[in-house]
Amino acid sequence: MSDRALQDRVIRALADAPYRASTEWRGRALADPELVERYARFLARHFYYERIVHFFKYSRALARVTGRRPEAVLSQPGFDALLPTVVLGSRASAQAVAGLVVDHVAGSETRIPYLADLLRYEEAMMVVEAGPRVWREDPEQAGEKGGRGRGQAEKVEGTVLLELAYDLPAVLPSLLQPQTSAPECPPRRTQLLVARSPHGRVAVARGTAAIAAVLELADGKRTLAELAEGAGIEVAEIEDTLQGLVDLGAVRFSTGS
Amino acid sequence: MSDISVGAFYNPHLGAELVRAEGIDHLAMADPPAAGDPWWPKIHERYTLLLHDYLGQLSEPLDERSIQRARALAKLYRSPWVAEHFQCLHTEDGRYTLNYVFPPLYTEEFLERFVRNANALKARLDQPLVMENIPRFFDVKASQMPEPVWLRRFFEATETGFLLDLPHVWLEAHYRGLEPRAWLAEFPLEHVVELHVAGVEQDDDLKGPWIAPAEPTDEMLEFTAHAAAVCPQAKAVTFDAFSPSLSADVLFRSVERIRRAL
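Each protein sequence line maps, in turn, to chains A and B. Residue numbers for the first sequence follow my numbering, beginning at 410 and rising by one. Residue numbers for the second sequence follow my numbering, beginning at 1059 and rising by one.
Just so you know, these hints were derived from the structure itself, not from any lab. Computed from a prediction, not measured in an experiment: that's the story for all the values here. Just so you know, not all the hints are guaranteed correct.
[Stated by the list, open to error] With the Cβ distance kept under 10 Å, some of the chain A side facing chain B (calculated, not the full set):
id : residue
1  : Val419
2  : Arg421
3  : Asp425
4  : His455
5  : Arg545
[To be verified] Ranges between beta-carbon positions, derived for each pair:
id : chain 1 : residue 1 : chain 2 : residue 2 : range
6  : A       : Glu566    : B       : Val1207   : 38 to 48 Å
7  : B       : Asp1089   : A       : Ala481    : 22 to 32 Å
8  : A       : Asp441    : B       : Arg1129   : 35 to 45 Å
C-beta: ideal position from N, C-alpha, C; glycine also.
Build out the structure end to end from the sequences listed, making use of the hints.
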């Protein structure tokens, strides 16, 4: 085994609690297990602190009203209970940690009508961000960028289309302004698309009927014409919609087999 | 040492205070400025800015996208040098990442990788490259040489600069039961261009001290003064704290105390 491959084992042991407990890792006896465990727990708290502060920044700003700081969950028993199963960067772990935050902030006695929608939005951002990513591009594939020319359109795993009762984008900027009460948010049915690029950049866009239809139908098998027919819109509009979705990271073109 | 530049990290939530601040010579940039940061234009105009972003891990070659990003940021900041870390924090397949600086194994294979990839990056930059040491909380039995030996060989092979993080050295000494000055003396100090100073605090997970967005202790400041005296090429000392929880008081007091200690 190369030193690089060995380093990957060490990284995995720190990131992946079940692997760290496995005989496969422990049998290698590469490092003091007690010290590895301590450092892994330190890393996990740091890893999710950064994500909670980033993705729940609106709830964090609202803590002056709710009295509930999202990152407080990291020092609560619920997070410690998750640690033996946590895999840093996995969608399941992101979902579990985000769920703790949602429960914690939603437990506030302060009534903010759109708080549930806001928490769903922030939770979706954190979960969508999770998953393997491209850290460096293969020079031979750098020109492709998920663009057109090969295969059929396919929804990227993890892409979410949220159905909200409030028009959150209208209130988000003002949530970050200093104030002592929660600003008003217009009650209006709103769709928000949350997607991630292969490099891990999370993007949000307002949903439309065309977007909803394409995301439901884009299975990597249907042709452009079939997508247009299924969605009940013109091929030209489907092409524009698909390009926007590719740019957001919500759709890619399968390479075929 | 009176002409050494003393600065801190740009913490965007302290932008208003940093725009008005006195006694800070430079700011290190850990992230690109946010699009809506109202303080960025004045920060950019006023300060010497040091590029200290995540560019990539040099266990692998940086891809063209990362190199262009590094070049663009260095140009935007007018940075006198470009910093990266001796880190290998994500697996080659991208499946696992620690999202926190983590050192490579100190082996011949990793030395060859880092030398090759640092030289390749250096050739694409218009500014000198400096590399920062990263502490290891636990030893891995596969390492083949002590960290200071590995670093010395790296700097000799690449002629890059050394960004010496003093709390990292102090922590390693602490966990090895060594005297910090004695451990520091093992490092290739003649290559040091910049020093990092920070606070350390007790961490409940580690059951020991670790870097924290806190003021440096008097002991750390004495260590800093000693290090600055034995690093003849050092041009800058930076208070290394970048966190949403960092307060303006801690930042300004730390920089002032570092300056007094030098």
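Just to be sure I understand the hint, the distance between the Cβ atoms of Asp1089 of chain B and Ala481 of chain A should be within 22 to 32 Å; is that true here? holds, 24 Å
Per the CB criterion, is Arg421 of chain A less than 10 Å away from chain B? Given a least distance of 5 Å, the restraint on Arg421 of chain A holds.
Just to be sure I understand the hint, the distance between the Cβ atoms of Asp441 of chain A and Arg1129 of chain B should be within 35 to 45 Å; is that true here? For Asp441 of chain A and Arg1129 of chain B the Cβ distance comes to about 42 Å; the hint holds.
So, as I understand it, the hint says His455 of chain A touches chain B; can you test that by seeing if any CB pair is closer than 10 Å? holds, 6 Å
Quick check on Val419 of chain A please, does its C-beta sit within 10 Å of some C-beta on chain B? The hint holds - Val419 of chain A has a Cβ within 10 Å of chain B, the shortest such distance being about 6 Å.
Hinted contact Arg545 of chain A with chain B - closest CB pair below 10 Å: holds, 4 Å
Do the beta carbons of Glu566 of chain A and Val1207 of chain B sit within 38 to 48 Å of each other? holds, 45 Å
Does the CB of Asp425 of chain A sit less than 10 Å away from some CB of chain B? holds, 6 Å
Violation of the numbered hints given earlier is absent; every hint is satisfied by the structure.
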